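Enquirer: Spelled out from the first residue to the last, the chains are:
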Amino acid sequence: MKRSILTVSLICATMSASAAEVAPTDVKFTDGAIAESLTGVAGDPIAGREVLGNRSLGNCVACHQVTDLSDVPFHGEIGPMLDGAGSRWSEAELRGIVANAKMMFPESLMPSFYRTDGYTRPGNAFTGEAADSTFGPLLTAQQVEDVVAYLATLKE
Amino acid sequence: MTRTGRITGLIGATALLAGTAFADPVDDTLVINEEIEMTTRAAAPAHLADTLDEVLSGWHFRNDDTRAMQADDFDNPGMIFVENAMTAWETVEGTEGKSCASCHGDAAESMKGVRAVYPKWNETAAEVRTLEMQVNACRTEQMGAEKWKYGGDEMVNMTALLASVSRGMPINVAIDGPAQATWEMGKEMYYTRYGQLELSCANCHEQNYGNMIRADHLSQGQINGFPTYRLKNTKLNGAHNRFKGCIRDTRAETFAEGSPEFIALELYVASRGNGLSVEGPSVRN
Numbered sequence: 001m002k003r004s005i006l007t008v009s010l011i012c013a014t015m016s017a018s019a020a021e022v023a024p025t026d027v028k029f030t031d032g033a034i035a036e037s038l039t040g041v042a043g044d045p046i047a048g049r050e051v052l053g054n055r056s057l058g059n060c061v062a063c064h065q066v067t068d069l070s071d072v073p074f075h076g077e078i079g080p081m082l083d084g085a086g087s088r089w090s091e092a093e094l095r096g097i098v099a100n101a102k103m104m105f106p107e108s109l110m111p112s113f114y115r116t117d118g119y120t121r122p123g124n125a126f127t128g129e130a131a132d133s134t135f136g137p138l139l140t141a142q143q144v145e146d147v148v149a150y151l152a153t154l155k156e
Numbered sequence: 001m002t003r004t005g006r007i008t009g010l011i012g013a014t015a016l017l018a019g020t021a022f023a024d025p026v027d028d029t030l031v032i033n034e035e036i037e038m039t040t041r042a043a044a045p046a047h048l049a050d051t052l053d054e055v056l057s058g059w060h061f062r063n064d065d066t067r068a069m070q071a072d073d074f075d076n077p078g079m080i081f082v083e084n085a086m087t088a089w090e091t092v093e094g095t096e097g098k099s100c101a102s103c104h105g106d107a108a109e110s111m112k113g114v115r116a117v118y119p120k121w122n123e124t125a126a127e128v129r130t131l132e133m134q135v136n137a138c139r140t141e142q143m144g145a146e147k148w149k150y151g152g153d154e155m156v157n158m159t160a161l162l163a164s165v166s167r168g169m170p171i172n173v174a175i176d177g178p179a180q181a182t183w184e185m186g187k188e189m190y191y192t193r194y195g196q197l198e199l200s201c202a203n204c205h206e207q208n209y210g211n212m213i214r215a216d217h218l219s220q221g222q223i224n225g226f227p228t229y230r231l232k233n234t235k236l237n238g239a240h241n242r243f244k245g246c247i248r249d250t251r252a253e254t255f256a257e258g259s260p261e262f263i264a265l266e267l268y269v270a271s272r273g274n275g276l277s278v279e280g281p282s283v284r285n
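So the protein lines, in turn, are chains A and B.
For the first sequence, this note's numbering gives the first residue as 1, with consecutive numbering after it.
For the second sequence, this note's numbering gives the first residue as 1, with consecutive numbering after it.
Derived by calculation from the structure, the hints in this document are not laboratory data.
Quick caveat: nothing in here was measured; it's all calculated off a predicted structure.
Don't take each hint at face value.
To be verified - Derived coverage of chain B by chain A (criterion: at least 3 residues anywhere in the stretch with Cβ under 8 Å from a Cβ of chain A; other residues may be distant):
id: 1; segment: 191-197
id: 2; segment: 209-222
What the hints assert, rightly or not - One-sided and incomplete, this derived list gives chain A residues near chain B with beta-carbon spacing under 7 Å:
id: 3; residue: 62
id: 4; residue: 71
id: 5; residue: 72
id: 6; residue: 74
id: 7; residue: 76
id: 8; residue: 106
id: 9; residue: 109
id: 10; residue: 111
id: 11; residue: 119
id: 12; residue: 120
id: 13; residue: 121
id: 14; residue: 122
id: 15; residue: 128
id: 16; residue: 130
Positions of the beta carbon are idealized from the N, C-alpha and C atoms, including for glycine.
Chain B extracted, bound-state conformation (with noise of 0.2 Å):
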């Protein structure tokens, strides 16, 4: 019944757009670099079992041209910025004269891994952390420098660094134990219709994955891809950026980069993305 409702609105929107729009998710392989392959659709992680059969990227709502670009390093612009990072890591700051690698050496190394598993609970603070808020602690702990801005160019391309180094890797965020409260919270606001338009996250992207919102291809609104360099604004973007975006775009007052709010609702979001590679930076419209 569903499907007979979704093949016949297909066959609307061809007629109408001329065949522009496909609106299932496209059935491909993302492998990076002839080298690592990635896991781009996977089965639900077991909190989701009686929401989703399957976790899909959203690399898999791109088109041909945007899919292309993330396979080779040298066609993703979002790795220009990673090389901006390599250069950050090695540079000393702050009173107690370390760089990132003189504690942490090689981050494709010593950082392999470390994006999949945040958010992450922190025993020693006692809270949430998202990789941005450990970045920062160990700025100004380890290093006596100043705190990077949550969502400024340093911290995302730090963030991609980071994630580039752990590519193919299956996020595996933990939402019991301490983190449960805060992975409640995110998934509270998850289901919430925010804004003049009374618009979830889950309205979109989780009851009307694949469908088309005007010219809009609407993904799982998975973030594995994160930092994700958009071709929209031809930068790299965090996940709190779309999340701000896209709270904005209810017509709602929106939330705070590094704000509770999302660093809850990121702990969530990743969670329903547990199993699929990290693919951070993914290239995106």
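Isolated chain A (complex conformation) (with noise of 0.2 Å):
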């Protein structure tokens, strides 16, 4: 019963994703940034908290300090304070700086969230084994959503 509703709202997420979503490999960039939504779906902001604090997801504070997940411990000190990026930033120039942040800062640290293809051998996950048929974007178009609609909500 369980399996069977999970597999039917799987089979729907693939379909409304196929329909909207942007592939990685199709992205438009204007300066860095990125106008428009890579699904169609509003992000949903609590989804983005939850993907920049949890290690197997963005894991985003492992380089980030952000105030209001002070509930996840261990921020890094690689990369800016995302504080108040949501009135530093326009939603377009976040959506860029998430999915690819090298098109704005060529020499960035930061790993492109929503990119597949120019890099040097690239892996399975953390097996340390060459990468597969199953390799993919770090995270979904719609986790590049949810985390820009958090981050938006980061003011000043």
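Make one complex out of these two single chains by using the hints.
Expert: See the structure below:
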């Protein structure tokens, strides 16, 4: 019973995703920003907050400090603090930075969260083995939208 | 400007983490067994003059308890494995009826200083050899014994013994002459951004040493302390094992221990620590 509901919802998710979703290789950048939503579905800031703090999702706090995420332990000091990011950047700029920060900042250390090509020795997650046919972007298009929606709430 | 940024970052981190993280390297000195004075910070070698002022042992980036463990051989769990290797040193193996000691006598005398200059060009074989390669060459060519697995327990224990008798001596690997091409290859690897996360050695260990990445305090990635006893896996770990893990953690297809790539990277990374003391077996987290 539970399984069949899950299957149905998965199929729905796949269908709706493939209908409107922009593939990682089709993303259009303008001055490092992405004007259009990658999915056409409004981002969910609560889901985005989870992506930022969760080690197996975005793990953004590995490098960035976010006061609003102080319930999550151990924030890194590699990238800029994200407090006020929603005031400093437009939604299109945030989307571009999350998807591929190197389009705006060529030397950035930040991984590209919605990109699938141009890597040196891409691996299969953290196995140390070569990437295989399951290789995909670090976040889904909707997760990128969720992260953008959450970042937009971080006002000065 | 950079300093201000870093201080601001520190204040932020302290506020967030309730004082658990002090990101700068600890100002402390290491004397082993109240006897061997270790150089854990040194002027950067000439080839890094444009990049770093000072090179720092990873010891400075670990906490008080971890640093203290390394200061006394009775507290250093790595020394248990050195004792195992001392037994192996005396053990006859192979078709020639020899042990290491048959040719080299007392390791504490004959092997003093050897660790400090490896990886090293071997004229006869016309290759850059790591210490592991030299041990295996001895085993196959002199003893008529089987090779040890590159990153296996016997090998890492033996390299711990060899490091231990050089402790306090400065790392001094040659990077010119016939070793230069290998060194250049290692340098190129050091600055290559591997994997889906696109991180090079330099991104973390040159640009961000002293900073926290999640709960990890980034060091300069020096290998003068290898093999190192890691509290994380409670065993000795060779440098190639660490390289393999680091590149894997960039979500890359990593390289094998003993591969030409890691031999080159070891030479290059070792040369970044020229001037630091041999510390193996060190203690890290």
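Enquirer: Each hint needs a verdict: does it hold in this structure or not?
Expert: Taking the hints in turn, this is what the structure says about them:
For the segment 191-197 of chain B, the stated coverage by chain A holds: 6 residues have a C-beta nearer than 8 Å to a C-beta of that chain, and at least 3 were required. By the rule of at least three residues with a Cβ nearer than 8 Å to a Cβ of chain A, the coverage given for the segment 209-222 of chain B holds, with 5 such residues. Residue-level restraint check for residue 62 of chain A holds (minimum Cβ-Cβ distance to chain B is 4 Å; threshold 7 Å). Checking residue 71 of chain A against chain B by beta carbon gives a least distance of about 11 Å; that is not within 7 Å, so the hint is violated.
For residue 72 of chain A, the interface hint is violated, the least distance from its beta-carbon to any beta-carbon of chain B being 10 Å, above 7 Å. Taking 7 Å as the C-beta contact cut-off toward chain B, the hint placing residue 74 of chain A at the interface holds, the least distance being around 4 Å. Interface hint status for residue 76 of chain A: upheld, as the beta-carbon distance to the closest one in chain B is roughly 5 Å, under 7 Å. At a threshold of 7 Å, the smallest CB-CB gap from residue 106 of chain A to chain B is about 12 Å, leaving the interface hint violated.
The criterion of a C-beta within 7 Å of any C-beta in chain B is met by residue 109 of chain A, whose closest approach is roughly 5 Å, and the hint holds. Proximity of residue 111 of chain A to chain B holds as hinted, the smallest CB-CB distance being about 4 Å (cut-off 7 Å). For residue 119 of chain A, the interface hint holds, the least distance from its beta-carbon to any beta-carbon of chain B being 6 Å, beneath 7 Å. With 7 Å as the threshold, the beta carbon of residue 120 of chain A comes within range of chain B, its nearest partner Cβ sitting at about 5 Å, so the hint holds.
Taken as an interface hint, residue 121 of chain A checks out: its beta carbon lies about 4 Å from the nearest beta carbon of chain B, inside 7 Å. Interface restraint check for residue 122 of chain A: the shortest CB-CB distance to chain B comes to about 5 Å, inside 7 Å, so the restraint holds. Interface hint at residue 128 of chain A: satisfied, since its Cβ lies 4 Å from the closest Cβ of chain B, which is below the 7 Å cut-off. Interface hint at residue 130 of chain A: satisfied, since its Cβ lies 4 Å from the closest Cβ of chain B, which is below the 7 Å cut-off.
Hint violations for this structure: numbers 4, 5 and 8, all remaining hints satisfied.
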